[in-house]
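Q: Chain by chain, the residues run as shown.
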Amino acid sequence: MNPYATIALLGLVAIVQSTALSRADANGLYLQLMLLVVISWSLLRGSREGMVWGFIGGLALDLLSAGPVGLNAGLLTLAGYSAGWGEAKVFRANLALPAFIIGAITLGYALSQSMVLQALGHPIPWFEWFTHIILPTLVLNLVASPLVYRPLRWLSHHTGGEKLEWR
Amino acid sequence: MARLRSEPLAFVLTLCAALLLFLHQLNVLKPAEDFGMLMLAPAQDFLSAVFSGIDRQFAGFRDAQDWRQRYEERQALIDQLLVENTRLREKEAENATLRELLSFKQANPTYNFLAAEVTGRDPNPLLRFILIDRGSSDGLARAMPVVTSRGLVGQVIEVYPHSAKVMLITDLASSVNALSQETRAAGVIQGDVNGGLVMRFIAQGEKIDKANVVLTSGLGGRFPKALVIGQVQDVRQRDVELYQEAEIRPSVNFNALDTVLVITNFTPEEK
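Chains A and B, in that order, are what the protein sequence lines are. Heads up: the first sequence begins at 1 in the working numbering, then just goes up one per residue. Heads up: the second sequence begins at 1 in the working numbering, then just goes up one per residue.
Treat the hints with caution; some may be incorrect.
Facing chain B, according to a computed beta carbon distance under 7 Å, are these residues of chain A, among others [what the hints assert, rightly or not]:
#1 I15
#2 A66
#3 V69
#4 Y81
#5 L111
#6 E128
Simulated from the structure, these hints should not be mistaken for lab results. As the structure is a computational prediction, the values presented were derived from the model and not from experiment. By construction, the Cβ of each residue, glycine as well, lies at the ideal position given by its N, Cα and C atoms.
Using the sequences and the accompanying hints, generate a full structural model.
A: Laid out in structure tokens, this is it:
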């Protein structure tokens with residue numbers, strides 16, 4: 001896929017996450033759209049593209065966030081890598097496993113993000129944070145993942161085997 | 001683009017992210033972040049306006065079933081407010097006379113306000129921040145307090161040329177010195193995980209009751225005095241603990257913030 005279109009698409013996803021989805025939140029809980037986009041793309045196209053999408057999407061989120069620049073870029077790169085590994089190793093073998101991959105990556109992403117923020121001095125009440133935000137977000141991500149995956153599968157199909165390369 | 005195997009690419013990109021994290025902490029990335037914000041802010045402004053419109057349209061449908069009940073509640077409220085208004089007019093006349101007498105003794109701080117539109121929220125649910133469409137070119141600076149007509153919203157923590165980030169008082173890292181208007185019991189307002197407010201460190205001997213109005217105390221000099229924060233919803237008092245805690249219902253609806261006012265002539269005391 002054209003890298004400029006990729007940047008525009010991921011910039012749009014970041015803006016939608018920080019405007020429309022944050023308006024729809026309930027008690028600070030909202031869909032982690034960028035994470036689902038990165039995981040889905042990685043499942044569709046493999047680690048390499050997943051990581052690049054994670055890095056670009058993460059940077060866009062970092063710019064819109066009050067957190068440190070690089071936090072989302074790093075974690076979403078790792079999310080893209082992990083999901084791509086899942087695609088290569090297990091995704092095709094068992095239909096229940098995508099749910100496991102999304103769940104595991106959502107947990108890993110949220111916990112790593114919290115640990116980095118705590119290391120930088122942000123207070124984290126772990127028990128409440130885990131029960132009130134992380135677990136409901138996990139469920140929300142699992143429920144919404146097909147809605148994100150299907151349009152991306154269409155996009156992947158229509159961009160064919162076109163690799164992410166600068167021209 | 002040269003093809004790299006996945007593992008080296010993962011390593012390189014993670015290293016880049018860690019480097020960015022490090023440079024951000026050193027504040028070296030500020031010009032690049034300013035540039036990035038300059039690129040993203042107009043699109044965010046536009047989409048925010050679009051979603052705000054859609055939100056308003058759908059709100060009408062969602063609320064349809066509650067209209068009748070709300071109408072009756074509002075009618076009761078109007079009656080109550082009419083009585084309250086008459087009483088307040090009397091008080092106001094009385095106050096005007098008293099104020100004239102006291103005016104030479106008491107400073108009556110007046111603030112300059114700058115209106116700003118909320119263009120976005122932090123995409124990380126751990127961080128409760130909003131992005132506004134005013135920045136250093138409009139005269140904004142770090143640490144300026146942000147309010148609405150209903151009360152205190154937060155504080156500017158980062159300023160870009162045409163936008164700024166505001167930490168809401170519901171953020172877990174926020175703390176505001178406060179007191180009860182009725183009993184003068186003092187404490188510290190902090191955010192909780194659910195987006196609410198908790199007043200902590202209220203001394204055991206202090207009296208604080210449900211429905212007390214909580215205001216900024218001005219202690220510490222970070223916020224002006226007497227800005228409304230909310231109302232006490234519940235008080236948790238245990239003899240075995242050093243302090244009491246009160247659950248506060250914020251006066252501002254943080255989920256429906258569209259326009260805020262930045263107080264531009266209040267200089268917070270540096271710590």
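Q: Work down the list of hints and note, for each, if the structure agrees.
A: These are the hints, each one checked on the structure:
Interface restraint check: I15/A against chain B, minimum CB-CB distance 5 Å, threshold 7 Å, status holds. Look at A66/A: its Cβ gets to within about 4 Å of chain B, closer than 7 Å, so that hint holds up. Interface hint at V69/A: satisfied, since its Cβ lies 4 Å from the closest Cβ of chain B, which is below the 7 Å cut-off. A least Cβ separation of about 4 Å between Y81/A and chain B falls short of the 7 Å threshold, and the interface hint therefore holds.
Contact between L111/A and chain B, as hinted, is not supported at the beta carbon level, the nearest pair being about 11 Å apart and thus beyond 7 Å. A hinted interface residue such as E128/A counts as satisfied when its beta carbon comes closer than 7 Å to some beta carbon of chain B; here the least separation is about 4 Å, so the hint holds.
In this structure, only the earlier hint numbered 5 is contradicted, and the remaining ones agree with it.
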